[in-house]
Amino acid sequence: MERVIKKYYPNAETGREITRSCINKLIDKHGFDTQKTILGTSVCSDEIVRTSTNFRDYIDHKNPFSLGGLGGFPFTGTTGFGAFAAHIPDNGYAIIEYGPHIGVSKTGAVGNVQRMGQTLETTCCGALKASVNDILKKQAGTKDSDLDYQQWKLEEQLLPAAEDIGKHEVPLVAATDVMYQQIDKRIKELLKKSAGSFKNTTVVLIGGIIINTDFELPDWFDLREFSVEIF
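Letter by letter, the sequence shown follows residues 1394 to 1624 in this note's numbering.
Read the hints as simulated data drawn from the structure, not as lab findings.
The model shown is predicted, which means the values in this text are computed figures rather than measured ones.
Some hints could be false.
[As the list claims (entries may be wrong)] With a straight-line cut-off of 20 Å between C-alpha atoms, the simulated PhoX-like cross-links for lysine-lysine are:
no.	residue 1	residue 2
1	1522	1536
2	1546	1530
3	1560	1522
4	1522	1499
5	1429	1418
6	1530	1499
Build the full structure now, drawing on both the sequences and the hints.
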């Protein structure tokens, strides 16, 4: 399993290692006060991502503000960012963790994991895998944009890269990379658009790809963005 993870994500570390490293850097180099820090996440709705990192173990405000939906895309938009900003402690700090996720099971299957209480492996990320299947079958964009809006939006984000996704030895890996780029771009757009709401706060962006594994094994994180901005 680790060999497969390192093949596609050579810089990945366990989620707990990444968390500890980021928190230490924030405290030592940026003066973060963990008692005045709130966490926001733009990660997939899938419950499996909740324990992939453990930032909440280090901060007093334990419950994260959810900015994301299927695939980790920040569907809450400017309204969500404004609401999140309004919850930051006075002259406090905010961590925004974001990115898509992908499974690697102990059998080495990319896009699958064995979940707690289940015998068989299931898909991870199921929404991205469904999007890839639609792209390969040339059925992308056919989802109901009202009743299945988030899935429709994911496919819209991936369609421009359909050719590259289809050529990859593991199309889901390519799709996950594209999704990270789309999420990263949108997070930064939303933060810029909502800058006025973050006045007198410090915001750190921690972006990457979450690699989920089977339920009794540690998850991994491929860190791709670590930046601090003072508003």
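Results for each hint:
1. For the hint pairing residue 1522 with residue 1536, the CA-to-CA distance comes to about 14 Å; that is within 20 Å, so the pair holds.
2. Restraint check for residue 1546 and residue 1530: the C-alpha separation of about 17 Å stays at or below 20 Å, so the hint holds.
3. At roughly 15 Å between alpha-carbon atoms, residue 1560 and residue 1522 fall within 20 Å of each other, so this suggested pair holds.
4. For the suggested pair residue 1522 and residue 1499, the alpha carbons sit about 19 Å apart, so the restraint of at most 20 Å is met.
5. About 16 Å separates the Cα atoms of residue 1429 and residue 1418, which keeps this hinted pair within 20 Å; it holds.
6. Note on residue 1530 and residue 1499: the hinted pairing is violated, with a Cα-Cα distance of about 29 Å set against a maximum of 20 Å.
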